[in-house]
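*Asks:* So the protein lines, in turn, are chains B and R.
Residue numbering for the first sequence follows the working numbering, starting at 1 and increasing by one per position.
Residue numbering for the second sequence follows the working numbering, starting at 1 and increasing by one per position.
Because the hints were derived from the structure by calculation, they are not lab data.
Worth double-checking, as some hints may not be accurate.
What the hints assert, rightly or not - Pairwise CB distance ranges (calculated):
#	chain 1	residue 1	chain 2	residue 2	range
1	B	V407	R	A143	57 to 63 Å
2	B	L486	R	A104	53 to 59 Å
3	B	R384	R	S86	16 to 22 Å
4	B	L486	R	T80	52 to 58 Å
5	R	L97	B	N196	53 to 59 Å
6	R	L151	B	D138	38 to 44 Å
7	R	V75	B	N196	52 to 58 Å
8	B	T185	R	V100	46 to 52 Å
9	R	V139	B	V403	25 to 31 Å
10	R	S21	B	K491	46 to 52 Å
11	R	L151	B	Y50	51 to 57 Å
12	R	V75	B	T185	37 to 43 Å
13	B	R384	R	A143	55 to 61 Å
To be verified - Some but not every residue of chain B turned toward chain R, in silico, with C-beta under 7 Å:
#	residue
14	Q100
15	G180
16	R240
17	A241
18	M369
19	I453
Stated by the list, open to error - According to the in silico footprint, chain B covers these stretches of chain R (three or more CB under 8 Å from chain B):
#	region
20	24-35
21	62-68
22	83-91
23	94-103
24	110-120
25	131-141
26	144-155
We treat Cβ as the ideally placed atom computed from N, Cα and C, and that holds for glycine.
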Amino acid sequence: MGGLIDGFGVVLEPANLLYCLVGVVIGMLIGVLPGLGPAATIAILLPITYGVEPVSAIIMLAGIFYGAQYGGTITSVLLRLPGEASSVVTVFDGFALAKQGRAGTALGVAAIGSFIGGTVSIIGLTLLAPVVAGVALDFGPPEYAALSLFGVLLVATVGNGGRLKAVIAAGLGLLLATVGRDTFTGASRFTFDSLNLADGIDFVPIAMGLFGLGEILYNLEERHTKQHEPVAVANAWPSRADLRQARGAIGRGSVIGFVLGVLPGGGATLSSLVAYAVEKRRAKQPKRFGRGAVEGVAAPETANNAAATSSFIPLLTLGIPANATMALMFGALLIQGIPPGPQLVSEHPDLFWGVINSMYLGNILLLIMSIPLVGLFVKILRVRPAVLAPITVLITLLGVYTVANQVFDIFLVIVFGVVGYLMKKFGFEPGPLVLAFVLGSVMETAVRQSLLIFGGNPAGFFTRPISGTILAALIVVLALPALRLLVKRQKERV
Amino acid sequence: MSEAALQEQLAADRPPHAGPSSQLGAAIVAGFIGVGGLIGSLALGLGRLTQPGPGLWPFVVSVVVTVLSIVLALVGRRGTDTEKFSRSSVLTAVAVLTLVVFAAVLPLIGFEIPSLLLAFVWLRFLGRESWISSVVTSVGTVAAFYVLFVLVLQIPLPRLI
């Protein structure tokens, strides 16, 4: 409890307040602008965090992440263009409401739902995270091996896009992580005698290349050629009747978002889809959905914010990122010399509670920004992507140079930018690769230490209670789709 | 707007998919990396389960990558998740070229001129902005970067002035 209160003290330091504000404003902006997502933005800004205090840096990056969930709504409602993947379902009813002249209602309900969803999730995070971290303190290498495998495979199979390709991408990420000196034997692996590769590939150029530059290059092939004219909105005040109608959806969305956000591979996008589907199924007249149902906006927008917040739980308590954006947070923490894991709560309580409490503040700031100031953000939609692209590219290239003052890193970013572009063209998501890369060394170390503990017998992973349970759960989750397919075929035959 | 119509619109925003040959190509590239990993990790030495060598872990991962690539080549050919390269893909190629030139000349003549040129080329030729807008934006961007990186943050960028 003392940590919680001290955490508020940390947040209220002027510098941290400022970083929180900067984070949520940037998040809101990139959420509004189609193209760059939160993962790309966080990747591009990683070099800036080197010179910043750890607490402030993570507060800012977290602000970008949940701020983007707010911003993504605006373009979904006004332009029928989801700014983020997690706002795609909001388009169905949000744009329908806007066409009826009720854009303000849609945006207001979304903002209030986001605020409530975020807050519920923060309370859950506050209560649950220390407990999970406490349990995880007893984890040994076999548990970590099982957990990281669980994380990588779930992210790969639950994410959008082909599962097979996602697992292949994850495998490539694990291979990339082995480049450099082997920590156990000191042997150089896959360095091709290059001094630049002797210590392995740094996380920053990989993330900046695959997420940042790759996305910029991909967007250069103009996809949205039509310029959409946004609907004018002065402010966003939903009526009392609207709020009453949205009440249940916001409540259920908060819970769905919180639960799915904690699970690896869940996160904001999946939870928004599930929350929308639940509301549609529960509705007395499902036909209203897609024609301007307030619940159809409230549920997904609440859920995606709740999920964005709760996905911090596995990262801050187990050191296992639940999605690609959390993999970037993992990298940002490592840059600061703070390995994420169960010790985080006890060893860096200022960071742990400071970041969590900054979310309360950030959500209030976002609510203030998104209701009265929505008109301002709509104006930003008029900035052309062609103007933004060169600016973001220069920030990326100069930024990565400043990390170690090495031109080699710029070339690495370009190489991984091209790889990221080609991956997108060929249907591979870069997310699983980056996540696997981040977890790669943790996983290898854990597996090898486990083998030593077990005297070389891999069956040991299954006989230890916790690692065995995790692996069994993993097998069930992976086998479910196959089983469902089998049952379906059986039925078709009958 | 209905969900079906929206899905259709989102699909229309994507370029056409590239067909079975690109799926096969993707599988071959991934398989190639997997086999490369296999050979490399065998050379490093696998050791034993009781005493894992440096090559054991990359070997296991490479086996997974190789096997899944073969599976992809066999079953993935009807997938529609690839995108055709179009004429606008040339823009991307040009863009990459400007980046390489930028990185090559940066240590020689400082960041100012390469940044200015890169911004201008991207604005005028890749983004089809007007001449005036391109000049104003690129000069403004570099000036802002100079103030931010050099004067305010005092980051040691290679520079002309």
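*Asks:* Now look at each hint and say whether the structure bears it out.
*Replies:* Results of checking the hints against the structure:
At about 23 Å, the CB distance of B:V407 to R:A143 disagrees with the hint of 57 to 63 Å. The supplied range of 53 to 59 Å is met by B:L486 and R:A104, whose beta-carbon atoms lie about 56 Å from each other. At roughly 21 Å, the beta carbons of B:R384 and R:S86 sit within the given window of 16 to 22 Å. Distance hint for B:L486 and R:T80: a CB-CB separation of about 24 Å, inconsistent with the stated range 52 to 58 Å.
Taking the beta carbon of each, R:L97 and B:N196 are about 22 Å apart, not inside 53 to 59 Å as hinted. Between R:L151 and B:D138 the Cβ separation comes to about 52 Å, which falls outside the hinted range of 38 to 44 Å. The given range of 52 to 58 Å is broken by R:V75 and B:N196, whose C-beta atoms sit roughly 39 Å from each other. Distance hint check for B:T185 and R:V100: the Cβ-Cβ separation is about 36 Å, which falls outside the suggested range of 46 to 52 Å.
Taking 25 to 31 Å as the suggested C-beta distance range, the pair R:V139 and B:V403 conforms, at roughly 27 Å. Remark: the range hint 46 to 52 Å for R:S21 to B:K491 is contradicted by a beta-carbon distance near 35 Å. About 19 Å separates the C-beta atoms of R:L151 and B:Y50, a value inconsistent with the hinted range of 51 to 57 Å. Checked against the given bound of 37 to 43 Å, the beta carbons of R:V75 and B:T185, roughly 38 Å apart, stay inside it.
The given range of 55 to 61 Å is broken by B:R384 and R:A143, whose C-beta atoms sit roughly 20 Å from each other. With a least beta-carbon distance of about 12 Å to chain R, the hint placing B:Q100 at the interface is violated under the 7 Å criterion. For B:G180, the suggested interface contact is broken, since its CB lies about 11 Å from the closest CB of chain R, more than 7 Å. At about 27 Å, the closest approach between the beta carbon of B:R240 and any beta carbon in chain R exceeds 7 Å, and the interface hint on this residue is violated.
With its C-beta approaching chain R no nearer than about 24 Å, B:A241 sits outside the 7 Å limit, and its interface hint is violated. Hint status for B:M369 relative to chain R: violated, with the closest Cβ pair at about 24 Å, above 7 Å. Restraint check, B:I453 versus chain R: the minimum CB separation of about 11 Å is more than 7 Å; hint violated. With 5 residues carrying a beta carbon less than 8 Å from a beta carbon of chain B, the region 24-35 of chain R meets the three-residue requirement, and the given coverage holds.
Counting residues of the region 62-68 of chain R whose C-beta sits closer than 8 Å to any C-beta of chain B gives 4, which meets the bar of three, so the coverage hint holds. Check result for the region 83-91 of chain R against chain B: holds, 6 residues qualifying (beta carbon to beta carbon below 8 Å, three or more required). Check result for the region 94-103 of chain R against chain B: holds, 6 residues qualifying (beta carbon to beta carbon below 8 Å, three or more required). As drawn, the region 110-120 of chain R meets chain B at 4 residues by the rule of a beta-carbon pair under 8 Å; at three or more, the given contact holds.
Residues of the region 131-141 of chain R lying with their CB closer than 8 Å to a CB of chain B number 4, which satisfies the three-residue condition for coverage. Only residues whose beta carbon comes within less than 8 Å of a beta carbon in chain B count, and the region 144-155 of chain R has 4; three or more means the coverage holds.
Of the numbered hints stated above, those contradicted by the structure are hints 1, 4, 5, 6, 7, 8, 10, 11, 13, 14, 15, 16, 17, 18, 19, listed in ascending order.
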